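Numbering (full-length UniProt numbering), first residue to last: 1 to 813.
No wet-lab data here; the hints were simulated from the structure.
Among the clues, some could well be false.
Unchecked claim - Computed cross-link-like contacts, DSBU-like style, restricted to lysine-lysine with a CA-CA straight-line distance of at most 35 Å: (1) LYS115 x LYS167; (2) LYS456 x LYS546; (3) LYS258 x LYS196; (4) LYS115 x LYS647; (5) LYS473 x LYS448; (6) LYS330 x LYS254; (7) LYS215 x LYS254; (8) LYS348 x LYS138; (9) LYS83 x LYS100; (10) LYS115 x LYS100; (11) LYS227 x LYS196; (12) LYS100 x LYS330; (13) LYS215 x LYS258; (14) LYS215 x LYS167; (15) LYS375 x LYS546; (16) LYS330 x LYS138; (17) LYS115 x LYS330; (18) LYS375 x LYS448; (19) LYS460 x LYS375; (20) LYS119 x LYS138; (21) LYS460 x LYS473; (22) LYS119 x LYS100; (23) LYS546 x LYS448; (24) LYS138 x LYS258; (25) LYS119 x LYS77; (26) LYS448 x LYS460; (27) LYS138 x LYS254; (28) LYS119 x LYS167; (29) LYS375 x LYS348; (30) LYS258 x LYS119; (31) LYS460 x LYS330; (32) LYS258 x LYS115; (33) LYS196 x LYS215; (34) LYS473 x LYS456; (35) LYS119 x LYS330; (36) LYS196 x LYS167; (37) LYS167 x LYS254; (38) LYS330 x LYS307; (39) LYS196 x LYS138.
This structure is a prediction, so every number in the text was calculated from the model and none was measured.
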Amino acid sequence: MAPKCRSLAKPATQSSKRVRRTGSMASNQASVVTEEEDNANLTAAGITEAIELDEDGNEIRRSPISSESEEEGDEEKLEHMMKNWSSPIYAFFSPIPAIKYRDGRQTHTFTCLAKGCNKDIHRYLDTTDAQSTSNMRKHAAKCWGATVVAAADSTGNVSSARESVVKGYLRDGSITASFAHRGKGKVTYLHRQHTKPETKAEIVHWVAESLRPFKVVADRGFLSLMKTGRPGYYVPSPSTVSRDVKLVFARSRKRIAKILQDYDGDLSFATDAWSSPNHRAFVAFTVHLLWNGEPISILLDLVEVAKSHSGINLAEAFVQVLQDFGVAEKILGVTCDNASPNNVMVEKMADLVEGFPGEINRTRCFAHIVNLIAKSMLSQFDVPKCDADRALSAAERELAALADDLEDDDMSTANDDETNEVEGWVDERAGMTEAEREELRTEVAPVKLVLVKLRKVAFKIVHSTTILLPAWKAILADLGQRERLIPRDVATRWNSTYDMLVVALEHQVAIRTIVANTSLELDEVEMTAQEWRIVQQLCDVLHILKDATMFFSHGTPSLATVIPAMDHIDSTLATSATDVSLNAAIHASLGIAKRTLNRYYNLTDSSELYRIAIVLHPRHKLAYFQTMHWEEAWIETACDMVQDEFKHSYASLAVPEEAEEDVEVVEGSVQPSGNIFDNLPSLTTSKSQDMRNELERYLATDPEHVDDALVWWQSHRAEYPRLSCMAINYLTIPATSVAVEHVFSRGRLLLSHVRNRLSASTTRALLCLGDWSRLGLVQDSDVQHVASMSDVPLDEEQADGEFELPDGWDAIN
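Make a model of the complete structure from these sequences and hints.
Pasting the structure below:
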């Protein structure tokens, strides 16, 4: 409701007055009263504001009316006004503003709480918008970031925003711990039953997140649990659930497209191809960005590409997804594995997407590179097979006979879509002469025998459930060790070799004991002390690759960690290769592994992203290259890359001038100096030019010990408003495509043997919606809209619970 007010014309002389009053008056009869009495009467009548007019009747300013008895001091007025400040935006500033006078005008001065900022926002009290928060909001979005401001807004009030968002962000640079995961505490339930729409909505979330079949709602046990004691409780049909899942997926897809289109920054992507257990050829795409202060990956799409996965076809599928979501112009980097079609895909995308430069903005999945290094090392120890080019020696035939039944075990253990062929792997032995290969075969023979013996022990124990397995458990009990089996070494997963070695060393006494029992007939796999030393040495050299795999397979490792990780692996392998105490076979395998590492280290030179990311990490900057003794020319090239990219894409980004943001002023209320030379641009300091030197200022400071570079950059937005945008873009580029691999892992759970007829569109909807729901990206309004629809008619129910929608049901536009 608008406040009641009166208007006062500015007097032409001391004695002349013109008064216009609005509001309810007890009487229109004029009388002579004092100014204090007049104000008291107006206040009593409900008129709370006076408008001052000039001689022409134009408004000059407004001011509150108060009686003498209601006169308040500055502090009392501030305290009274603060009671009405509920907007979450106040949480980003000092709780109590300072009262200041500027040119005789009273202001409330709000100081930004961001680290390193301390900028003041001045709000004049004699303006028509003295309660406005627009400039405070503009400054907060610039200084804290739009996502943090949005998170604060979602809390609904200033106290909640200050406690759940601002304090947590100031403490550790993250709002997720206190905001996004609030629901991870004790689970509580309503005392009333779900309504029909609520039941449908909950089931949509359930089947998508937990990969439940649609027909679970028709299961006898499920219906018994839901309807016992409440036989009239509503449960939707399988086809209704199927339809609702797809429609919620379609609505959420549009919403996510809008989120990505509005995202204030570039986007990076990861992709990989997959042959599902029900023999469909899929390609998955994840998008990577900063969300609520933390890096996240979102499953963007999972599309069936039922034709050759050539580079051209993959590029066309990729670009189509980008265009569907309307984000083609926002692409920065693409992460994929080392399969040869991906080389063509990236180059073809440079032709199809304007502004995408191709190979120089491609990163190679580092987890895949580690896998290739490990395969190069361990492939030397594969059991020899007879081929047309070379006959097996007597020792090799004996070894093959010992391992005869292990290959069948590999086949039964591996997943349906796993093979021992690793895309992108190059057999380093191909470049060796026959004499060199023969020497290598001789050197690695002892390790081959050791690995076969350990595999054989593990195989025999697990398959002898009445003799060896009980004996193994009894031995462990006697030794006071917990009961466990020796992990099986599966050819398709190199880390299973490491796991087998670790457990074998931990249970060396138990293995020696069971093998020494002649009644168990395990003498063929008995190991000498020298062979146990080989187990320890091989385990030691594989340890760094295992650690690298674990580190780069969890969370969202920064691209800036890749080259330091490669340098460390290279140094470790080189040190081990000169260790004279190691077995000759280990030495030989290290040399092969190092060749593979060098191959992919050299390929990082074709991408600018790695070096830019390192420079923009406040722990490294240019000092990392200097510490690692890079040539000066290489360091200059890395610096030039960063400078060129900053100048080309970020130096001219529009960042509001501080003066425009920090002062709440009604246009025209403050006049510039009367002397034009006081305001001549050529004689004043250029703030924008100073801001464009952000990169120089950043590089001029020493590296800092920073664990999380993204947290650091978010807390330094005010100091580096443009460079922070660039840094966040580059430091959210994924170092691996592991996020895509996780999608495929869930896909294998979804497409069990009893669901092998699931359509491609349903597989896509379930996997995408499940990912979005777990991330909290599915809006209640979208689910409720679908849940309010009528059920699928009984005559349209399908036996398998599926429900097919017409073409175009999932279109974003």
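Results of checking the hints against the structure:
| no. | hint | in the structure |
| --- | --- | --- |
| 1 | LYS115 x LYS167 | holds, 12 Å |
| 2 | LYS456 x LYS546 | holds, 23 Å |
| 3 | LYS258 x LYS196 | holds, 30 Å |
| 4 | LYS115 x LYS647 | holds, 26 Å |
| 5 | LYS473 x LYS448 | holds, 28 Å |
| 6 | LYS330 x LYS254 | holds, 17 Å |
| 7 | LYS215 x LYS254 | holds, 27 Å |
| 8 | LYS348 x LYS138 | violated, 41 Å |
| 9 | LYS83 x LYS100 | holds, 20 Å |
| 10 | LYS115 x LYS100 | holds, 23 Å |
| 11 | LYS227 x LYS196 | holds, 14 Å |
| 12 | LYS100 x LYS330 | violated, 45 Å |
| 13 | LYS215 x LYS258 | holds, 33 Å |
| 14 | LYS215 x LYS167 | violated, 46 Å |
| 15 | LYS375 x LYS546 | holds, 12 Å |
| 16 | LYS330 x LYS138 | holds, 24 Å |
| 17 | LYS115 x LYS330 | holds, 30 Å |
| 18 | LYS375 x LYS448 | holds, 14 Å |
| 19 | LYS460 x LYS375 | holds, 26 Å |
| 20 | LYS119 x LYS138 | holds, 13 Å |
| 21 | LYS460 x LYS473 | holds, 14 Å |
| 22 | LYS119 x LYS100 | holds, 15 Å |
| 23 | LYS546 x LYS448 | holds, 20 Å |
| 24 | LYS138 x LYS258 | holds, 22 Å |
| 25 | LYS119 x LYS77 | holds, 24 Å |
| 26 | LYS448 x LYS460 | holds, 18 Å |
| 27 | LYS138 x LYS254 | holds, 28 Å |
| 28 | LYS119 x LYS167 | holds, 18 Å |
| 29 | LYS375 x LYS348 | holds, 30 Å |
| 30 | LYS258 x LYS119 | holds, 33 Å |
| 31 | LYS460 x LYS330 | violated, 56 Å |
| 32 | LYS258 x LYS115 | holds, 31 Å |
| 33 | LYS196 x LYS215 | holds, 18 Å |
| 34 | LYS473 x LYS456 | holds, 17 Å |
| 35 | LYS119 x LYS330 | holds, 32 Å |
| 36 | LYS196 x LYS167 | violated, 40 Å |
| 37 | LYS167 x LYS254 | holds, 33 Å |
| 38 | LYS330 x LYS307 | holds, 28 Å |
| 39 | LYS196 x LYS138 | violated, 43 Å |
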